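Chemist: Sequence:
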Amino acid sequence: MRRIQAFLMALILFVFFLAGFHLTMSRISLRGGDGFRFFYSDLRNKSLAALTDNMDEDTMPIFGSSELGTWIEEPYHISHMFARQQVDSMTVGHPMVQSLQDAISLAAIDGSRSPKKVTLLASPTWFYGDGVASTAFKQHFSDTAYLAMLKNDRLSAETRQKIINRVMVLASSDIAFSNRIKAYQRAYATEDASATERLTADLLAANRGDQENFAAAVLKLKNANKVDKNIEPTEATVHSYQSEDGSVDWEKMKADAISETASQSDNPLYVKNESWKNLYQKSYQAGTQIHKGEQWTSAKEKGDLELFLQVAKELGIQTQVIILPISGYWYDATGMPQANRESAYQAIAKSAAAYGVRCVDLSKHEYTPYFLADAYHPWSLGWVYINEAIYDFYKN
Numbered sequence: 001m002r003r004i005q006a007f008l009m010a011l012i013l014f015v016f017f018l019a020g021f022h023l024t025m026s027r028i029s030l031r032g033g034d035g036f037r038f039f040y041s042d043l044r045n046k047s048l049a050a051l052t053d054n055m056d057e058d059t060m061p062i063f064g065s066s067e068l069g070t071w072i073e074e075p076y077h078i079s080h081m082f083a084r085q086q087v088d089s090m091t092v093g094h095p096m097v098q099s100l101q102d103a104i105s106l107a108a109i110d111g112s113r114s115p116k117k118v119t120l121l122a123s124p125t126w127f128y129g130d131g132v133a134s135t136a137f138k139q140h141f142s143d144t145a146y147l148a149m150l151k152n153d154r155l156s157a158e159t160r161q162k163i164i165n166r167v168m169v170l171a172s173s174d175i176a177f178s179n180r181i182k183a184y185q186r187a188y189a190t191e192d193a194s195a196t197e198r199l200t201a202d203l204l205a206a207n208r209g210d211q212e213n214f215a216a217a218v219l220k221l222k223n224a225n226k227v228d229k230n231i232e233p234t235e236a237t238v239h240s241y242q243s244e245d246g247s248v249d250w251e252k253m254k255a256d257a258i259s260e261t262a263s264q265s266d267n268p269l270y271v272k273n274e275s276w277k278n279l280y281q282k283s284y285q286a287g288t289q290i291h292k293g294e295q296w297t298s299a300k301e302k303g304d305l306e307l308f309l310q311v312a313k314e315l316g317i318q319t320q321v322i323i324l325p326i327s328g329y330w331y332d333a334t335g336m337p338q339a340n341r342e343s344a345y346q347a348i349a350k351s352a353a354a355y356g357v358r359c360v361d362l363s364k365h366e367y368t369p370y371f372l373a374d375a376y377h378p379w380s381l382g383w384v385y386i387n388e389a390i391y392d393f394y395k396n
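Going letter by letter, the sequence shown gives residues 1 to 396 in the working numbering.
The hints are simulated quantities; they were obtained by calculation from the structure and are not laboratory data.
Keep in mind that this is a model prediction, so the values were computed, not measured.
All the pointers check out, no bait thrown in.
Straight-line C-alpha distance at most 25 Å; calculated BS3-like pairs for lysine-lysine:
| hint | residue 1 | residue 2 |
| --- | --- | --- |
| 1 | K277 | K292 |
| 2 | K116 | K395 |
| 3 | K300 | K162 |
| 4 | K364 | K254 |
| 5 | K395 | K313 |
Have a look at the derived ranges for each label pair, beta carbon to beta carbon:
| hint | residue 1 | residue 2 | range |
| --- | --- | --- | --- |
| 6 | K282 | L221 | 41 to 47 Å |
| 7 | K292 | R31 | 47 to 53 Å |
| 8 | Q211 | E191 | 28 to 34 Å |
| 9 | K277 | A133 | 26 to 32 Å |
| 10 | N278 | E191 | 52 to 58 Å |
Backbone N, C-alpha and C define an ideal beta-carbon position, used for all residues, glycine too.
Please work from the sequences and hints to get the whole structure.
Modeler: Structure below.
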């Protein structure tokens, strides 16, 4: 009897703790300065509150992957480029985050702060193999974003079901993960869900959401000097190239970017010497065919990309897709024909065209010196082109 009483008392205390923790987390603002809006961390991305708290009426989310946090110290990197007075934007992305997770996130942030425009930085490498891996998808999955997507009645039932079907395939190898998702779907993707089932799903998501928000809050506090910094207009890179009429001298910025980086590259790939020495020199000089005959043609990733575009279309969000290049010099040397790479670029461009969205194809810069810092990620010149496209899309 005493054991039962002790168990009940512990259970009651635990419930009170959870309730108090939830109440505390619900009152915490995760809004930070411009530093937090561009802060590169999956802990911020997975917290729906951290995203929406940092969105204003005119905020444009910029979805991408590893380029958002690679070579971030470079002065032309997007995290240094814009202040809210110029382009009210926010980056969302991490390595191995691809179109499907972006589609869910975009549907989740729709609401009172629904974005008018969105930009997707699309990489051809996403089309490798079967597209996003199930382990990567689980790692970056946000419970609060997924439930918000399910609750978004502006999405058509058909689009929602396509997302559900794709998610269930990726979650099928993990029983606990799969069961959690099924509980959300039973509650908000069926017509006969009971009040108890919905309450259960809400409580489960609230608990997971508290964990997501707590991690984001700790991240913000630990990096206060970065996330609380509001960049003054005079400190933003774009501002120093801006005329009184608001126009930006992008050509001068490109020339300056080349001038500042050319001395840091004296290798046959035209990438940073640091990258060349640490990543490529040995294989390149040995003639290793590590990418021989590779084809990046994942139909699953193409379907995920079109889910993202369909979500944006149904929510009335103007969309821009920027196709990122990879190093032609590197892939030629390691055995992947240009035609194979071109098929991935074309797949992205065709999907964008099918949905009538703006597409900026930077794949022509595969062989542009100093455009990439390594085989995949933009260097200063590359970021100038990307930021120019973002600026023009946002302003027009």
